[in-house]
Amino acid sequence: MPAAPAPARQPHPFQPQPWRDRRIEVILGNLLRTGVLVSAAVVLLGASIYLSRHAHDPADYRVFRGEPSEYRTIRGVIQSVIVGRGRGQGLIQLGLLLLIATPIARVAFSVVGFGIERDRLYVAFTLIVLAVLLYSLLGSGLGL
Amino acid sequence: MNVLEFTVVVAIVSFVAGLLGSLTGLGGGVVLVPLLTIFFHVDIRYAIGASLVSVIATSSGAAASYVKEGFSNIRIGMFLEIATTFGALLGAFLATRIPTSALAIIFGAVLLYSAYVSRKPRTLAQRSLPPDPLATRLRLNGNFPDLEGRRSYNVQRVPTGFGLMFGAGTLSGLLGIGSGAVKVLAMDQAMQIPFKVSTTTSNFMIGVTAAASAGVYLSRGYVDPGLSMPVMLGVLAGSLLGSRILVKAETKSLRLVFSLVILVLGLQMLYNGIWGKI
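Chains Z and H supply the protein sequences, listed in that same order. Under the working numbering, residues 1 to 144 are what the first sequence spells out, in order. Under the working numbering, residues 1 to 278 are what the second sequence spells out, in order.
The shape of chain Z in the complex, shown without the other chains (with noise of 0.2 Å):
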């Protein structure tokens, strides 16, 4: 293998490291870390109630079937947590949600930071993303 040549070490002051603002990368970090928890504990606690009531049915996969209304959209979901039908999986289902709603929120605040950064371009950028998550989310039937 050939040597590689000398690295460029110059610093670029023109070429900041994103978030010049170190709080923003801090509250980005924390916000993804509390939403993974948070939808983890909740997948969980579904878990143990959906265990303790299902444990011995028995588990096939084998034939698509798609699931119920109630697990496939927001409102079917809160209903089935509230009323208590199928208590279990709702919740896991509300935990999984919350989990999809995680980068989305990620990519909510990124719209803030590059807007402190006085940065159109990437603001405009990140509304774009933004714009074809929440399509993804509400737009396609997953509505309330």
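These are calculated hints, taken from the structure and not from any lab test. The beta-carbon is built from N, C-alpha and C at its ideal position, and this holds for glycine as well. Zero decoy hints are in this set.
Covered stretches of chain H (chain Z as the covering partner; in silico rule of three or more C-beta atoms under 8 Å from a C-beta of chain Z): (1) 3 to 15; (2) 51 to 63; (3) 84 to 97; (4) 207 to 217; (5) 232 to 243.
Which bits of chain H does chain Z cover? Going by a derived footprint, with three or more residues having C-beta under 8 Å, they are: (6) 70 to 81; (7) 223 to 229.
Fit chain H to the given chain Z structure using the hints.
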């Protein structure tokens, strides 16, 4: 198998997949769908839905620590996420329209390619490349902590990388995986982003990409709570443990074993897909 036995066994398998995926850097999601479909006889659509959810969990969990270390480039990530999220939407819509045997064949091909990429010696990003005008305009160039201070890099071939990342997003939405192998092609080879930066940045992006298709999957009824629960919790626990223990000396043979597993699973998926068993 009853629900309790199924949950425990799937959780253990997912934990091992998450642990190995994290230790080898190859990602655990890529082996989960074939394991669930081949050994647990889970319908591939349920398996993809569950895998997709676990991908969001590991990506967000790992990204939290990467952001603070200053390796990941948030602008590169954000810019390429435009490509991957649109791709992921396309992939999710395609997944609901093509037959499951075709899904299995595509999955098998991606596995074989991943096994090939994981055995290939890593091509180091060339150093001291001249800045590319488009990359400069998009402010993609950056620097990262090196042994002696910070090393700067200039991103190359932006349109090629963007196009390939659209493909990576489509595969992610179609198959419920992180598609790390395509990312290597796009970020490491086309855009010449240093390995450490591309790995951490793509990890950051994977969660957002998966979230874009997860909404579609959930609303189509592909995400089953009873199956996704052990998969998500198992993979998350395994990958968190994997990121804490770094067995440097073992990684090489571990990678070899893991890529052999990927190879065998890929052949099995191709076989099952071609003979219409999935």
